[in-house]
Amino acid sequence: MIEGTVVGLGSADLLRFYYYLRLTRGLEDRVIKLYRQGRILGGCYVGTGEEAISVGSACALEPDDVIAPSHRDLGAHLVKGVTPNEYMAQYLGRLTGLTRGKDGTIHFGDLRRRIIGFISPMADGIPVATGVALAFKTRREPHIAVAYFGDGASSRGDFHEGLNLAAVLRLPILFICHNNQYAYSVPVSRQMAVPHVADRAKAYGLPTRIIDGNDILAVYQTTKEAAAQIRGGGGPIFIECKTMRMRGHAEHDDASYVPRELLEEWRGRDPIQKFEHYLREREVPEDQLRAVEARVVKEVEEALDFAEKSPLPDGPEALEGVFAP
Amino acid sequence: MPEITYLEAIRQALWEEMDQNEQVFLLGEDIGTYGGAFKITKGFLEKFGEDRVIDTPLSESGFVGAAIGAALMGMRPVVEMQFADFISCAFDQIVNMAAKHHYRLREPVPLVIRAPYGGRLHAGPFHSQCPEAWFIHSPGLKVVAPATPYDAKGLLKASIRDPNPVIYFEHKYLYRHAKGEVPPEDYIVPLGQADVKRAGADISLITYGAMVQQAFQAADQMSEQGVEVELVDVRTLYPLDTDTILTSVKKTGKVLIVHEAPQVCGIGAEIAAVIAEDVFRYLDAPVVRLTAPHTPVPFSPPLEDYYLPNATKIVAKLTDLASY
Ligand SMILES: Cc1ncc(C[n+]2csc(CCOP(=O)(O)OP(=O)(O)O)c2C)c(N)n1
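So the protein lines, in turn, are chains A and B.
Mapping of the first sequence onto my numbering: position 130 corresponds to residue 130, and the numbering continues sequentially without gaps.
Mapping of the second sequence onto my numbering: position 4 corresponds to residue 4, and the numbering continues sequentially without gaps.
Quick caveat, the hints were computed from the structure, so don't treat them as lab data.
Hints may contain errors.
[Unchecked claim] With a cut-off of at most 20 Å between alpha-carbon atoms, the simulated SDA-like pairs for lysine to any residue come out as follows:
no., chain 1, residue 1, chain 2, residue 2
1, B, Lys39, A, Val258
2, B, Lys39, A, Lys274
3, B, Lys39, A, Gly315
4, B, Lys42, A, Pro187
5, A, Lys309, B, Pro301
6, B, Lys42, A, Lys242
7, B, Lys100, B, Ala70
8, B, Lys39, A, Glu251
9, B, Lys313, A, Pro316
10, B, Lys42, A, Ser256
11, B, Lys317, A, Gly315
12, A, Lys242, A, Lys274
13, B, Lys42, A, Ala255
14, B, Lys313, A, Ala255
15, B, Lys317, A, Val258
16, B, Lys42, A, His252
17, B, Lys42, A, Asp254
18, B, Lys39, A, Pro187
19, B, Lys39, A, Asp254
20, B, Lys42, A, Tyr184
21, A, Lys242, A, Arg231
22, B, Lys42, A, Gly315
23, B, Lys317, B, Tyr173
24, A, Lys242, B, Lys317
25, B, Lys39, A, Ser256
[Unchecked claim] Computed beta-carbon distance windows for the label pairs:
no., chain 1, residue 1, chain 2, residue 2, range
26, B, Asp92, A, Leu262, 35 to 41 Å
27, A, Leu111, B, Val264, 27 to 33 Å
28, A, Glu161, B, Tyr103, 25 to 31 Å
For every residue, glycine included, the Cβ atom is placed at its ideal position computed from N, Cα and C.
Make a model of the complete structure from these sequences and hints.
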């Protein structure tokens, strides 16, 4: 895929992809560093090496499509309009984060940006995204819902119940799996006795695609086609993106249970390097790439600065917002 | 006697029970090669093998249901819930299958579910909850919540030997923040017995879990002011040892109940009701509760600090009570 050309993509689109890939990596690298310096609270969750799935798919959607991202989908949040400032403030528990300090790390969302807020119990977002699609279908709105999740999450009952419901009601929803081969310490071979997560979806009657999740153009193209088909009334589709979790489950985990060779192999398939290579082959000028990188460095530092200068919430705010007014 | 951590006490209880009884086995996420999210089962796979230390897929309802089935066959499964918060994913199996089985069919379900719970680690609304009341309210389940290494070890052994489903709430903050003496020889702490952790004649402070530490600090401060607090650690939330609670209240005439879980319909409400019904005549002041407010557990430190009960807030309540 990456050697060819994707129909309809100009260099502005390609640079946009590049920007979001870099921004995702840049923000997460910064958060890892903060974690190492003991400057953040709680756990530290990143999606290093999986950025192409999140960015590529989100870039293929229409603005009013609703996404239900998971914990390695910062890229999709950014594409949907969450700002670096909001992300950093969220991580640092500040009042300016999307949950006003009520929750932390990657546990956020924003319906104004068409994002369903993520919660910890894996796969809980899947039936909810199905309900979003149900609303679209009932009201004859031309949008689709997209649910993201990992290979581990696909063992939960909520995954199976959500997929089945979407299938029998023929709802406009796209399921996107990051198969990064590990769920915490559990390799995918101990997660399920079938080779692909897509095999599980097939059982519910969903059409499936299995693609290279480290190839942003493949992710973009496949999502674009699937979305068009779903919008045309074709019912739900399942895309499994093969990738690799390049760090520990979270930063406290050194992932010593992952064979080093496996990591080395996937390091050579880094989605950002791969895309850069493609951009150079397409003769995208080097200074444009460097300009994107410089912009990202600046935005990341500004976001950290913004977050650190933002106020923490006041204690009594703990009591606010339990119910809608 | 050697001093060990709360975490080590739990590890020892599991190890010894597995060593003594071949029917005891472990199920849960990441408990094998990885040794558990909190490293409690580190080394268990090497010692006991894959049949007895089972790394499960990410499917709580599935593995809790499977544990119930094995228990019905006379095995002694001990399930590790990675975080107590995710016990909700197995709620149906626990409250409908496990809890009602013996009542309907007179067949025991000797199952233990270890649930790491509680806050103070800035882990947000999905990794900090205290969901004990969900289970206390479901007839057929025993619910324990130890506060010290001694109790943690003895209660876990008793839970594993009990023929009923037991939800064993272990507080994550205590893992490394509670140390204490534990005898080297085999012992249990019987389920259903509260423990008077500190004697005093003026106010009964009734609590459990991580709040016991806070209560100790508060009691020491009160003692300096001449108020002697009797600290009752409930230890088992169901069945509740009402005798020990009522005896203490009759002696002191004043009660403060403290827990980290939200107040509405929490165990504190039950304890207050029991006291009001049975020893009202002995009370010199209204029964007082100090708990978390009725909100999810917030993430940001100022919010979580505001949310959680602590020694300072306990002292304030005790001071009010003392002068009532
Ligand atoms: C219901 C539930 N059980 C357990 C956990 C603890 N946990 C968090 S992430 C995770 C592994 C998730 O694996 P996967 O879905 O493959 O996503 P990945 O982290 O690999 O991206 C586990 C076990 C959880 N969050 N939710």
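Consistency of the hints with the structure:
A distance of roughly 17 Å separates the Cα atoms of B/Lys39 and A/Val258; the hinted pair therefore holds under the 20 Å criterion. Pair hint B/Lys39 plus A/Lys274 does not hold up; C-alpha atoms about 37 Å apart against a cutoff of 20 Å. Taking the CA atoms of B/Lys39 and A/Gly315, the gap is near 33 Å; set against the 20 Å cutoff, the hint is violated. This hinted pair checks out: B/Lys42 and A/Pro187 have alpha carbons roughly 18 Å apart, not beyond 20 Å.
About 16 Å separates the Cα atoms of A/Lys309 and B/Pro301, which keeps this hinted pair within 20 Å; it holds. Pair hint B/Lys42 plus A/Lys242 does not hold up; C-alpha atoms about 31 Å apart against a cutoff of 20 Å. With a CA separation close to 16 Å, the supplied pair B/Lys100 and B/Ala70 stays within the 20 Å bound. Between B/Lys39 and A/Glu251 the alpha-carbon distance is near 16 Å, which keeps this suggested pair within the 20 Å criterion.
Straight-line distance between C-alpha atoms of B/Lys313 and A/Pro316 comes to about 14 Å, which keeps the hinted pair within the 20 Å bound. Distance hint between B/Lys42 and A/Ser256 is fulfilled; the C-alpha atoms sit about 14 Å from each other, no more than 20 Å. In summary, the hint linking B/Lys317 to A/Gly315 is supported, as the alpha carbons are separated by about 19 Å, within the 20 Å threshold. Restraint check for A/Lys242 and A/Lys274: satisfied, since their Cα atoms lie roughly 15 Å apart, inside the 20 Å limit.
Taking the CA atoms of B/Lys42 and A/Ala255, the gap is near 15 Å; set against the 20 Å cutoff, the hint holds. Distance restraint check for B/Lys313 and A/Ala255: the Cα-Cα separation of roughly 41 Å exceeds the 20 Å cut-off, and the hinted pair is therefore not satisfied. The straight-line distance between the Cα atoms of B/Lys317 and A/Val258 is roughly 52 Å, outside the 20 Å bound, and the hint therefore fails. With a C-alpha separation of about 16 Å, the suggested pairing of B/Lys42 with A/His252 holds against the 20 Å cut-off.
Restraint check: the Cα-Cα separation between B/Lys42 and A/Asp254 comes to about 15 Å, which is no more than 20 Å; the hinted pair holds. Under the criterion of a C-alpha separation no larger than 20 Å, the hint pairing B/Lys39 with A/Pro187 is consistent with the structure, at around 18 Å. Taking the CA atoms of B/Lys39 and A/Asp254, the gap is about 13 Å. The hint holds against a cut of 20 Å. Restraint check for B/Lys42 and A/Tyr184: satisfied, since their Cα atoms lie roughly 15 Å apart, inside the 20 Å limit.
Distance hint between A/Lys242 and A/Arg231 is unfulfilled; the C-alpha atoms sit about 25 Å from each other, more than 20 Å. For the hint linking B/Lys42 to A/Gly315, the alpha-carbon distance of about 38 Å lies beyond 20 Å, and the restraint is violated. Only pairs whose Cα atoms come within 20 Å are accepted, and B/Lys317 paired with B/Tyr173 is rejected, the gap being roughly 23 Å. Between A/Lys242 and B/Lys317 the alpha-carbon distance is near 57 Å, which puts this suggested pair outside the 20 Å criterion.
The suggested pairing of B/Lys39 with A/Ser256 holds, with an alpha-carbon distance near 14 Å, which does not exceed 20 Å. As the Cβ distance of B/Asp92 to A/Leu262 is approximately 37 Å, the hint placing it in 35 to 41 Å holds. Distance hint for A/Leu111 and B/Val264: a CB-CB separation of about 28 Å, consistent with the stated range 27 to 33 Å. Hint check: A/Glu161 to B/Tyr103, Cβ distance near 29 Å, so the stated range 25 to 31 Å holds.
Going down the numbered hints, you'll see the structure goes against 2, 3, 6, 14, 15, 21, 22, 23, 24, while the others check out.
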